[in-house]
Amino acid sequence: MSEAVNGRRGALPPGVSLSGELKERLREGSYLAGEGLATAIFLALKLQKPLFLEGEAGVGKTEVAKVLSRMLQTPLIRLQCYEGIDVNQAVYEWDYARQLLHIRTAEALGTAGEDRSRLEDELYTRRFLVNRPLLQAIEHRGGNPPVLLIDEVDRADDEFEAYLLEILSDYSVTIPEIGTVRAERPPVAILTSNRTREVHDALKRRCLYFFIDHPDMEREVEIVRLRVPDAEERLTRQVARAVQRLRGMDLYKPPGVAETLDWTEALVALGAKELDEAMIEATMGSVLKYHEDQQRVLLQSLNLLAGS
Amino acid sequence: MAPGTETAPPMLRMAVAFGRLLRRVGLAAGPDRVVGFAGALEELDVGNRDDVYWAGRVTLCSRPEDFEMYERAFKVFWEGKEGLKVPDPPGSTYAIRLSPDSVQPPKKSAEKNEKGDEAVRLRYSPVDVLRKKDFADCTPEEFAELYRLMADMRLSGAMKRSRRLEPAHRGRHDQRRTLRGAMRTGGEPMRHRYRRARNRPRRVVLLCDVSGSMASYSRALLRFMHAGVASGEPVEAFVLGTRLTRVTRELATRNPDRALREASKSIEDWSGGTRLGDTVKEFVDVWGQRGMARGAVVVLLSDGWDRGDVEVLADAMRRIHRLAHRVIWVNPLKAAPGYQPLARGMAAALPHVDVFLSGHNFESLQELAYAVAGASTERYQ
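Chains H and V are the protein sequences, given in the same order.
For the first sequence, this note's numbering begins at 1 and goes up steadily by one.
For the second sequence, this note's numbering begins at 1 and goes up steadily by one.
For reference, chain V alone in the conformation it holds in the complex (with noise of 0.2 Å):
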C-alpha cells in the first residue's frame, strides 16, 4: 500500500521527501516540480501505485535519461518499507565511482593557486613553454595554470546565415518597417527599409574518447570541453567510453571543478575499454541524425583505437561527415614525430574528416578554436 493513504495532509511531505531524494540521485527535481507533483497526486488515487508512479514521471523528470533514476528512486520510496534494506540504496548506488583525481585536478594545486597569484605572474616566460608542453607530461600544478589559460578560451562555430532577419542598411526590402514609417508621412513611403539575415555561430559538438588509451589527454580534453560549454555559445558535450554519455548539462555550471565532477559522476566507464565505432555510430543514431550534427561543427577528440569493427566506424563517420559543416577530428598521437595513422580506426575514419589537427597541448588546442571558428588553420601548423 503506498504510504499517502494514511492521511491526507502529508502528502505534500511525502512529495517533498521524494523530491529530495531524486535531487540526491541527479534529478533537477526543483521545489517547482514538486509542488507540481503534490499537486498531481491530488488529482489521482494515491492508493494506485500507477496514479503516483506516472503523477511522479510527468511533473519531476524532464528527459528521457532521467526516467532510469526515477525508477530506481520510486521503487525505493514508495514501494514498501523493504527499500531500506534494499541491497543497492541509492546513497551508494550513485556515489562517485571514479577516484577523485581521474578528472579533478587535485585539490592541493588548486589551493596552491589561489595564494600563489603572484607566482604567476612571475613566471611568465614559463606560461610561454607550458603552452607547448604535452599535457601528458605536466605536473598538477602546470596543469592548475592550464586551465586558468583555458577558462579564457572561446569556443564559437564557424559563422552560419540564420533565417532571422534583422534590419540593416541594404538587403531586402522591409515592407513592415517601411509602411510602418510611412504612417508618420501620411502614408507616403518616405524613407525604405531593409533587412537582412543575422550570421549566428553553428553549433559545435565535442566528442571527447575517455577509453584508456586516452588517459594521459581526457582530463585537460574534458576541462577543454567544459570552457566550451560554459562560454554561452551553442556547444554540446559527449564522451565516448564503452558508451556514449551525454555531459553537456553537466558541464554547463560555470564552476570547473564541480562540473567536471558532475560529468565524471555520468560517466561510468572511465578509462574503460574503446568502442569507438559503436559510440560514434550511437551518437549519429541517437543524437545526430535527428538534427544535432546537421550544419554543425562536429569534433572528435580521439586517438583512433578502436577495438570494434572499424568499418563500423568508417561508415559512422561517412554519415557525420554528411550531416555536419565541418568535422574536425583531434588525435593527441599526431604530434609525435613521423606519426603515421596506424590506428586501424584511425585510417578508417581520416577520408570522412576536413581537418586533422592534435591537440596535445595548449597551443593546438587554439588552433584547434580557430579551427572551430572555421579561420584558416595553415598558419598555426
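Just chain H, with the same shape it has in the complex (with noise of 0.2 Å):
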C-alpha cells in the first residue's frame, strides 16, 4: 500500500511504509520485536493510536518505548504511575512558593498598591506553571511527536483512570487560568500493565491492544547477542537454553527477558567463557529474586541447567 494512496504517514519514522521495515528499524535499535509487536507498533504510529501492552515483568514492554523514541528522535516522556497519583503530580501544578515569592517582592519593591489586578494576572502565567509529564507531552512542539509512556497504569486508581481516557482521546488540556493547551500531533502514547487489576474496558478500547509474550529460544539467543555482545556465542546459547528451561519449571517468578540480560551482562562481566556450576551459583541472584526459586534450582537441576 503506497504512501500516495494513504495520504498520511501517522507518526511513522521516514523510509517506513511497511510493518516488515518497521521491524528492521526497531532491530537497528536494539530491539528484537516479533511480527504481531512489530504489526501493533507500526499500526499504532500509522494510525496514531496509543498502544496498551500487557505481559510478565521484564520482557521489555518499557522498553518499547524507550526504542521508539531513539527510532524517531524525539523526547521520551515518562510518566509512572501509583496509587494515589492525580492531576497536579500527572499534568501541571501551579508553583505555589515562586507565586507567594513574587507577591513579597512586588510588596517589598512598593509596586504592589499600584496595580493589583496586574499582578495578579501575573501570577497566572507560564513562569508559575510545573509542567508535569502528560502536559509536557501534550505542549510539544515541532518536530516528531514525543514518546509518552505511561507505565504501569494498574497501579493507578479509577478516578485517573478515568482523567487519563479523557487525555488519550482528544490530547488536550485545559488550564483554567491559562486556557486549552492542543497537541500539535498527538503524541506516540505507550501504556503499560502488570495486570494487577483489569484496567476498566473504555480505556482499553481507545489502545491497540498486544500481549508480550517471553521470547522463544532462538529469538532471545537473538536478542542476548543484541544486547550483550561481549558476550561469547558459546555462553549465549546456553544462558538462552537454562532460561527457557527456567521458565519451565514452576518458579513463583520465572525469568524475564531482562533477566536472561542481566545474568548474561553479570557472567561476561565475571569473565565466564561458559556456564557452569560454580559460575551459575555465584551469579543467580542476577536471574532468580526469590530465596524459595533459588534453593529448588540448585537443589535439583544445577546439572540439567548446565548440561549439554
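It cannot be assumed that every hint is accurate.
To be verified - If you anchor each label on the Cβ, the simulated ranges turn out as follows:
id, chain 1, residue 1, chain 2, residue 2, range
1, V, G171, H, G110, 32 to 40 Å
2, V, N199, H, D213, 34 to 42 Å
3, V, H169, H, L129, 25 to 33 Å
4, H, K289, V, G47, 42 to 50 Å
5, H, A282, V, G47, 33 to 41 Å
6, H, M284, V, D354, 20 to 28 Å
7, V, H192, H, G110, 24 to 32 Å
8, V, D32, H, G20, 24 to 32 Å
9, H, R70, V, R154, 46 to 54 Å
10, V, H192, H, D170, 34 to 42 Å
Unchecked claim - List of simulated lysine to aspartate or glutamate pairs, EDC-like, C-alpha gap at most 20 Å:
id, chain 1, residue 1, chain 2, residue 2
11, H, K23, H, E222
12, H, K289, V, D315
13, V, K160, V, E233
14, H, K289, H, E259
15, V, K75, H, E35
16, V, K160, H, E159
17, H, K253, V, D285
18, H, K253, V, E363
19, H, K66, H, E24
20, H, K253, V, D45
21, H, K253, H, E281
22, V, K160, H, E274
23, V, K160, H, D157
24, H, K253, H, E152
25, V, K160, H, D154
26, H, K253, V, D278
27, V, K75, V, D45
28, H, K23, V, D315
29, H, K289, V, D285
30, V, K132, V, E363
31, H, K253, H, D201
32, V, K160, H, D158
33, H, K23, H, D216
Unchecked claim - To be clear about the criterion: a stretch of chain H counts as covered by chain V if any three or more of its residues have a C-beta under 8 Å from a C-beta of chain V, and this derived list gives those stretches:
id, stretch
34, 29 to 42
35, 84 to 96
36, 170 to 184
37, 206 to 217
No lab work stands behind these hints: they were computed from the structure.
Heads up, the beta-carbon is just placed ideally off N, CA and C, and yes, glycines get one too.
Please dock the two separately framed chains into a single complex, following the hints provided.
And the structure:
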C-alpha cells in the first residue's frame, strides 16, 4: 500500500511504510520484535493510536517506548503511575511557593498596591506553572511527536484512569487560568500494565492491545547477541537455554528477558566463557529473585541447567 | 487467499461479519473495535494472512484470555472455505455445556417469585428459618427467596489507608491549598489547610470451589459471589475446579441469571474433580503474587477436599497468607456438629488461615460479610 494512496503517514519514521520495514528499524535500535508486536507498533504509529502493552514483568514493555524514542529521535516522556497519583502530579501544578515569593517581592518593592489586578494576572502565567509529564507531552512542538510512556497504569486508581481516558481521546488539557493547550500532533502513547487489576475496558478500547510473551529460544539468543555483544556465542546459547528451562520449572517468578540480559552481563563481567555450576551459583541472584526459587534450582537441576 | 482480495469496499463488511462471529463466541468486540479493525486492515496487506491476523488481534482482543477464541474464530472465518466443514464450528463448540439447572435457579421458581410477591411478605417468619437453613436442604423456591436476600448484601473489604489525600480539618499541612487561599489575602496565609489519607476498602478476592464434593453449595455460593461483584466494590471472583477460571467479568452484570449463565459458560469443569492445591497455586502464580492478593482480603470457599499433593496446597496457602491482609476460609461442612478438619487439604491449609467460617446457610454468609469487612466475628459465632 503506497504512501500516495494513504496520504498520511501518522508518526511513522521516514522510509518505513510496511510493518516489515519497521521491524528492521526496531532491530537497528537493538529491539527484536516479533511479527505481532511489529505490526502492533506499526499500526499504533500509522493510525496514531495509543498502544496498550501487557505481559510478565521483564518482557520488554517499557523498552518498546525507549526504542521508539531513539528511532523517532524524539524525547521520551515518562509518567510512572502509582496509587494516589492525581492531576497535580501528572498534568500540571501551580508553583505556589514562587507565586508567594512574587507577591512578597512586589510588596517589598512597593509595586503591589499600584496595580493589583496586573499583579494577579502575572501570578497565573506560564512562569509559575510546573509542567508534569502529560502536559509536557501535549505541549511538545516541532519535529516528531514525543513518545509518551504511561507506565504501570494498573497501579493508578480508577479516578485517574478516567482522566487518562479523556486525555488520550483528545490530547488537550484545559488550565482554567490560561486556556486550552492542544497537542500539535498526538504523542506516540505507550501504556503498560502488569495486570494487578483489570484496567477499565473503556481505556483499552481507545488503544491497540498487545500481550508480550516470553521469547522462544532462538529469539532469546538473538536478543542476547544484540544486547550483550561481548558475550561468547557458546555462553549466549547456554544462558538462553538455561533460562528457557527455568521458565518451565514452575518457579515463583520465572525470569524475563530483562533477567536473561542481567544474567549474561553478570557472567561476562565475571569473565565467564561458558556456564558451569560455580558460575551459576555465583550469579544466581541476577536471574532468580526468590530464595525459594534459588533453593529449588540449586537442589534439583544444577546439572540439567548446565548440561549439553 | 484471504477473502478480502476480491474488492476493496467489502473490507468493512468483512470486518463487521468477523466481529459478529467474535461476539457470538464471547469476545467483547463492539462496533468501535470493529471499526478500528477495518481501519487497521486498510493500512496493511489484506492479502497477507499474518497482517490480517495481527490487525485483528491488536484491535479486537483486550486480554490474553481472548486469544484462544480469537485464534479459533480466525481459522474458521478467514482461513478458507472449509471453515464451514470444520468439525467444531463455533456454534457448537462454545455453546453452554452445562445442563441448565446446574447454576441457574429453575426458571419456574423465578417466575413464581415474580408474581408471588405477597406470598413472600406473608411468609415473613419463614424467612427467619430460611436464613438458618442449610443450602443443601433448600428447595428451588427457597433458593429463589434466598437470592433476593443476597442481592441486598454488601461485600466490602476491610478499610485501608489510601495513598490519595483528601482535604480534612486536621492532618498533614496542605501547602497547595493554604497558599492558594493566601492569594486572596494578599499573600498572607491566614487560614491553614490540611489534608490526610483517605480510607478505601481493600480488594476482596473470592475463590470458590465448584468441584463435585461442593455441588450442593456452589450454586448458592456463586450467587453470593455475584452479589459481591455486582455491588461495585473492588471484588474479584475466581472459580476453582480442575483448573482456575476468573469470572469477575462474567459476574459483573447486574442481572444475576445472566451473570451466572455467562460465568458457567467460562467454567469448563463444573463439578469435576478436585485439584485444589494446583488451582490455588495457579491463582498465586498468575494473579496473586503479581499484585491481586497483595493487601487484599482473600476468601476461599471450599470443603478442603484435595486429591492432589497437599504440600502444594499448604505451600500456596502460605504464600497467600504472606501477601494478603487477611485470609478467610469458608467451609460448608464446618457447620456439622463435631466437625473436625479431617480432609487432608483442609488440615494442611488451616495454619495459614486467619478466620475459619462455615458458609452453609444465609446467616453464615452474613457472618462472612462481617469478617470480610474486618469486623469482629465473635458475636456471630
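So, going through the hints one by one against the coordinates:
1. V:G171 and H:G110 have their C-beta atoms about 38 Å apart, which keeps the hinted 32 to 40 Å range intact.
2. One distance hint, 34 to 42 Å for the beta-carbon pair V:N199 and H:D213, holds here, with the actual separation near 39 Å.
3. Look at V:H169 against H:L129: about 30 Å separates their beta carbons, and that is inside 25 to 33 Å.
4. Checking the proposed 42 to 50 Å range against H:K289 and V:G47 shows it holds: the Cβ atoms sit about 46 Å from each other.
5. One distance hint, 33 to 41 Å for the beta-carbon pair H:A282 and V:G47, is violated here, with the actual separation near 53 Å.
6. For H:M284 and V:D354, the hinted distance range of 20 to 28 Å is not satisfied, since their beta carbons lie about 34 Å from each other.
7. A hinted range of 24 to 32 Å holds for the C-beta pair V:H192 and H:G110, which are about 28 Å apart.
8. Roughly 28 Å separates the CB atoms of V:D32 and H:G20, a value that falls within the hinted 24 to 32 Å.
9. At roughly 51 Å, the beta-carbon separation of H:R70 and V:R154 lies within the given 46 to 54 Å, and the hint holds.
10. Distance hint for V:H192 and H:D170: a CB-CB separation of about 38 Å, consistent with the stated range 34 to 42 Å.
11. For the hint pairing H:K23 with H:E222, the CA-to-CA distance comes to about 14 Å; that is within 20 Å, so the pair holds.
12. Taking the CA atoms of H:K289 and V:D315, the gap is near 18 Å; set against the 20 Å cutoff, the hint holds.
13. The straight-line distance between the Cα atoms of V:K160 and V:E233 is roughly 14 Å, inside the 20 Å bound, and the hint therefore holds.
14. Straight-line distance between C-alpha atoms of H:K289 and H:E259 comes to about 10 Å, which keeps the hinted pair within the 20 Å bound.
15. With a C-alpha separation of about 18 Å, the suggested pair V:K75 and H:E35 falls inside the 20 Å cut-off, and the hint holds.
16. Restraint check: the Cα-Cα separation between V:K160 and H:E159 comes to about 17 Å, which is no more than 20 Å; the hinted pair holds.
17. Only pairs whose Cα atoms come within 20 Å are accepted, and H:K253 paired with V:D285 is accepted, the gap being roughly 8 Å.
18. Distance hint between H:K253 and V:E363 is unfulfilled; the C-alpha atoms sit about 40 Å from each other, more than 20 Å.
19. Distance restraint check for H:K66 and H:E24: the Cα-Cα separation of roughly 16 Å lies within the 20 Å cut-off, and the hinted pair is therefore satisfied.
20. Proximity of H:K253 to V:D45 is assessed by CA-CA distance (about 39 Å); at most 20 Å being required, the pair is judged violated.
21. The suggested pairing of H:K253 with H:E281 holds, with an alpha-carbon distance near 18 Å, which does not exceed 20 Å.
22. The hinted pair formed by V:K160 and H:E274 fails the criterion: a straight-line CA distance of about 50 Å is larger than 20 Å.
23. Taken as a hint, the V:K160 and H:D157 pair is honoured in the structure, with Cα atoms around 14 Å apart against an allowance of 20 Å.
24. Pair hint H:K253 plus H:E152 holds up; C-alpha atoms about 18 Å apart against a cutoff of 20 Å.
25. Restraint check: the Cα-Cα separation between V:K160 and H:D154 comes to about 18 Å, which is no more than 20 Å; the hinted pair holds.
26. Proximity of H:K253 to V:D278 is assessed by CA-CA distance (about 16 Å); at most 20 Å being required, the pair is judged to hold.
27. Under the criterion of a C-alpha separation no larger than 20 Å, the hint pairing V:K75 with V:D45 is consistent with the structure, at around 18 Å.
28. Proposed proximity of H:K23 and V:D315 is contradicted: the alpha carbons are some 43 Å apart, above 20 Å.
29. Restraint check: the Cα-Cα separation between H:K289 and V:D285 comes to about 15 Å, which is no more than 20 Å; the hinted pair holds.
30. Between V:K132 and V:E363 the alpha-carbon distance is near 6 Å, which keeps this suggested pair within the 20 Å criterion.
31. Between H:K253 and H:D201 the alpha-carbon distance is near 28 Å, which puts this suggested pair outside the 20 Å criterion.
32. Under the criterion of a C-alpha separation no larger than 20 Å, the hint pairing V:K160 with H:D158 is consistent with the structure, at around 16 Å.
33. Distance restraint check for H:K23 and H:D216: the Cα-Cα separation of roughly 17 Å lies within the 20 Å cut-off, and the hinted pair is therefore satisfied.
34. Residues of the stretch 29 to 42 of chain H lying with their CB closer than 8 Å to a CB of chain V number 5, which satisfies the three-residue condition for coverage.
35. Counting residues of the stretch 84 to 96 of chain H whose CB lies closer than 8 Å to any CB of chain V gives 6, so the stated coverage by that chain holds, three being the minimum.
36. For the stretch 170 to 184 of chain H, the proposed coverage by chain V is not satisfied: 0 residues have a C-beta within less than 8 Å of a C-beta in that chain, short of the threshold of three.
37. For the stretch 206 to 217 of chain H, the proposed coverage by chain V is satisfied: 4 residues have a C-beta within less than 8 Å of a C-beta in that chain, meeting the threshold of three.
In terms of the numbered hints stated before, the structure departs from hints 5, 6, 18, 20, 22, 28, 31 and 36, listed from lowest to highest.
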